[in-house]
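**Student:** So the chains spell out like this:
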Amino acid sequence: MTNETKQTLVIDEEQFLPRREMSNLERWLGTDTYRALRGMVTNPTSIVGLVLLGLFLFIALAAPILAPPISSNPYQIPRDGYGSVPKPPGTLWNSRQPELPFWWKPIMGTDQWVHIMGTASGQWDIYYGVVWGTRTALQVGLLITFVGAAVGITIGAVSAYYGGWLDMVLMRITDIFMAFPFMLAAMTLSAVLTPVLGKGLFPPMIALMAFGWTGFARLLRSDILSVREREYVLAAQVIGVKDARILFRHILPNAIFPTLVLGSMRIGSYVITFAGLSFLGIGAEVGYADWGQLLSFARAWMTNLGEYWYIVIFPGVALVLFTLSWNLVGDALRDVLDPRMQGSR
Amino acid sequence: MGVTMDNTREIALHVEGLKKYFPIRRGIFQSHVGDVKAVDGVSFDVYKGETLGLVGESGCGKTTTGRTIIRLYEPTDGKVIFKGKDLAKLSSNEMRHMRKSMQMIFQDPYASLNPRMSVFGIVGEPLEVFQLANRQERRERVAELLELVGLNPDFMTRYPHEFSGGQRQRIGLARALALNPDLVVCDEPISALDVSIQAQVVNLLEDLQDKLGLTYVFIAHDLSMVRHISDRVAVMYLGKIVELTDRSTLYANPLHPYTQALLSAVPVPDPVIEEKRQRILLEGDLPSPANPPKGCNFNTRCPKAIDICHEVEPEMVEVQPNHFCACHLVKPVG
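Sequences listed follow chains B and L, in order. For the first sequence, position 279 (counting from the first letter as 1) is numbered 279 according to this note's numbering, and the numbering increases by one without interruption. For the second sequence, position 240 (counting from the first letter as 1) is numbered 240 according to this note's numbering, and the numbering increases by one without interruption.
Worth flagging that the hints you see were computed from the coordinates, not collected in a lab. Among these hints, one or two may not hold up.
What the hints assert, rightly or not - Okay, derived cross-link-like pairs now, DSBU-like style, lysine-lysine, Cα gap no bigger than 35 Å in a straight line:
id: 1; chain 1: B; residue 1: K242; chain 2: L; residue 2: K19
id: 2; chain 1: L; residue 1: K83; chain 2: L; residue 2: K211
id: 3; chain 1: B; residue 1: K242; chain 2: L; residue 2: K48
id: 4; chain 1: L; residue 1: K83; chain 2: L; residue 2: K19
id: 5; chain 1: L; residue 1: K304; chain 2: L; residue 2: K19
id: 6; chain 1: L; residue 1: K83; chain 2: B; residue 2: K242
id: 7; chain 1: L; residue 1: K276; chain 2: L; residue 2: K85
id: 8; chain 1: L; residue 1: K85; chain 2: B; residue 2: K242
id: 9; chain 1: L; residue 1: K294; chain 2: L; residue 2: K331
id: 10; chain 1: L; residue 1: K19; chain 2: L; residue 2: K276
id: 11; chain 1: L; residue 1: K19; chain 2: L; residue 2: K89
id: 12; chain 1: L; residue 1: K294; chain 2: L; residue 2: K19
id: 13; chain 1: L; residue 1: K89; chain 2: B; residue 2: K242
id: 14; chain 1: B; residue 1: K242; chain 2: L; residue 2: K100
id: 15; chain 1: L; residue 1: K19; chain 2: L; residue 2: K48
id: 16; chain 1: L; residue 1: K211; chain 2: L; residue 2: K89
id: 17; chain 1: L; residue 1: K294; chain 2: L; residue 2: K89
id: 18; chain 1: L; residue 1: K276; chain 2: L; residue 2: K79
id: 19; chain 1: L; residue 1: K294; chain 2: L; residue 2: K304
id: 20; chain 1: B; residue 1: K242; chain 2: L; residue 2: K79
id: 21; chain 1: L; residue 1: K331; chain 2: L; residue 2: K48
id: 22; chain 1: L; residue 1: K79; chain 2: L; residue 2: K48
id: 23; chain 1: L; residue 1: K48; chain 2: L; residue 2: K89
id: 24; chain 1: B; residue 1: K242; chain 2: L; residue 2: K211
What the hints assert, rightly or not - Rough simulated footprint, nothing fancy, chain L against chain B, three-plus residues with beta-carbon under 8 Å:
id: 25; stretch: 43-56
id: 26; stretch: 248-257
Since this is a predicted model, take the numbers as computed values, not measurements. Ideal placement from N, C-alpha and C gives every residue a C-beta, glycine not left out.
Chain B on its own, in the form it takes in the complex (with noise of 0.2 Å):
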């Protein structure tokens, strides 16, 4: 019986193997990595997000040159007088201008070094505190999200490895840190961090650090409990790997995706809520290229910004398109890493 059924039921399996040809960079990458990489330089979205994005890195990367520093500490934000009215765009510097960029004079035809942007109340100048902000925002963003990230993954991989009472604990701490609402936490936290500390970036960060990792740790342990139950886990089991390995070589590396589609959306979100606390004096000192900080300088003039409108719009803008441009980046991440959505490009 055995034999009859060999002879008649064997196929070449071969031929029906799917033919596709990898490149060398495919094998290097592994297919997820790849595929997830191609989709995010063929998605309509991601693109528009690594443009935003692109600029923005442009701009932190060439501030010397696009708003030469006054002083030895270039995120000081040069100001012109002390006058409380704003100044729209294109006035003239009158006291103390600053170095002039060498691009000015090719474009412009003219030694005369204008606001670009306007000055704020208080004659600070936006076009410099927008430029420099973007570094501000960029390292608030990257290092708070870098730090919670870490807190974040630690403790969820931690609670869903070893489970049971340490899981409870752990877990049980991250709903206390959840119960509280976010900014208001933050708010108290950087506000008593300030005398500590001193006035500047390190209270909020801090503060943003302490109540935002918290997402990472739901999401990475939820993640973790679910892959730990995969049958791929399991042969691990079978064939004797040790539970380190299993964790960094089987568990982890298919686990970890959505908490970095978290990671990379959350950026934009830090970014603004670093500048709302910035806007409500916490944060930065007086003068610090910061976005947060120059919406501040407007808090003043609300009423009048048909006038003014410059004051706000500058900052504001940056900050959406900042966020934006996160929130973009993680979508399409998000999309490109759904396997409901492979094959689908």
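With chain B's structure known, arrange chain L on it following the hints.
**Tutor:** Showing chain L alone in chain B's frame:
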């Protein structure tokens, strides 16, 4: 339990009174309110070089039995004697080394291979974790294994999603064979495959058994496939083995009412006989393993149940030589 007989053959695996209960916990204090008795006192022997089929309907505990034997689950009670050692009592490190000799193939070939590892990584991993070979040697061994299971060794650099279900199952098999095991637990290795591919994989399993002297515990619900591959068959119902005998006896002369009902559901590839086939339809559902019925497990659905079945749990008895059955209605011959 007297399930050991036949002294002429060498026993590869001896399972005795194996139990696996999953605790049910409720409330904020996680108090223990009961158990799901997935495997409830299972005993059998597997002889060297044979295939023991383990059949039963979904939820009867056959997969749990397989996983508990190989200690993916910690047994609640009972013994699993393999190579003279009780696996239930080994430390996790001793067990890790024991895994070189006992392996498993999984049901779903789409879920049992890590999508982010190449075939070389997957099949070579056992050699890597036990540091049995350097990279070059691993490459040679993986090529050898792929050839053994009928795959082109050039596929080594490919990823699981590039393969069909049957090919993936072969990769899983190559991984299981990497360490030269003696015992392979096959957990429904073919039920997720197309029928034509099923035959190929089963034939491959048989060929490898001859070539490498493997012992199989073959878990399945497809009775015709079990008949084809098994030397002996154990029928499980609700966490217990109800009947255990060699293949031809079981299919020719099933004694337990459950086995009879199960076999009556197999279609016969002969229209004349098929016409006359009488199906024994079981009423009701499988009772919850968290709350098994009193007496015989099967009494709620048994068409022949008598009073004693509701009161006393039947013992496994050797009805005829090498034919074991746990039923009050079946009396030993002679």
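**Student:** If a hint holds in the structure, say so; if it doesn't, say that too.
**Tutor:** Each hint tested on the structure:
1. B:K242 <-> L:K19: holds, 26 Å
2. L:K83 <-> L:K211: OK: K83 of chain L and K211 of chain L at ~21 Å, within 35 Å.
3. B:K242 <-> L:K48: holds, 29 Å
4. L:K83 <-> L:K19: Given that 35 Å is the threshold and the Cα spacing comes to 20 Å, the pair holds.
5. L:K304 <-> L:K19: holds, 28 Å
6. L:K83 <-> B:K242: Holds, at roughly 23 Å.
7. L:K276 <-> L:K85: Between K276 of chain L and K85 of chain L the Cα gap is close to 50 Å, so the pair fails against 35 Å, i.e. violated.
8. L:K85 <-> B:K242: Since the Cα atoms of K85 of chain L and K242 of chain B sit roughly 22 Å apart, the hinted pair holds (cutoff 35 Å).
9. L:K294 <-> L:K331: OK: K294 of chain L and K331 of chain L at ~21 Å, within 35 Å.
10. L:K19 <-> L:K276: violated, 40 Å
11. L:K19 <-> L:K89: holds, 14 Å
12. L:K294 <-> L:K19: holds, 18 Å
13. L:K89 <-> B:K242: holds, 19 Å
14. B:K242 <-> L:K100: holds, 13 Å
15. L:K19 <-> L:K48: holds, 23 Å
16. L:K211 <-> L:K89: holds, 32 Å
17. L:K294 <-> L:K89: holds, 31 Å
18. L:K276 <-> L:K79: violated, 44 Å
19. L:K294 <-> L:K304: The given pair, whose Cα atoms are some 16 Å apart, holds under the 35 Å limit.
20. B:K242 <-> L:K79: holds, 24 Å
21. L:K331 <-> L:K48: holds, 30 Å
22. L:K79 <-> L:K48: It holds: about 18 Å lies between the C-alpha atoms, which stays within 35 Å.
23. L:K48 <-> L:K89: Given that 35 Å is the threshold and the Cα spacing comes to 22 Å, the pair holds.
24. B:K242 <-> L:K211: holds, 30 Å
25. 43-56: violated (count 0)
26. 248-257: holds (count 4)
In the structure shown, a violation is registered for the earlier hints numbered 7, 10, 18 and 25, in ascending order.
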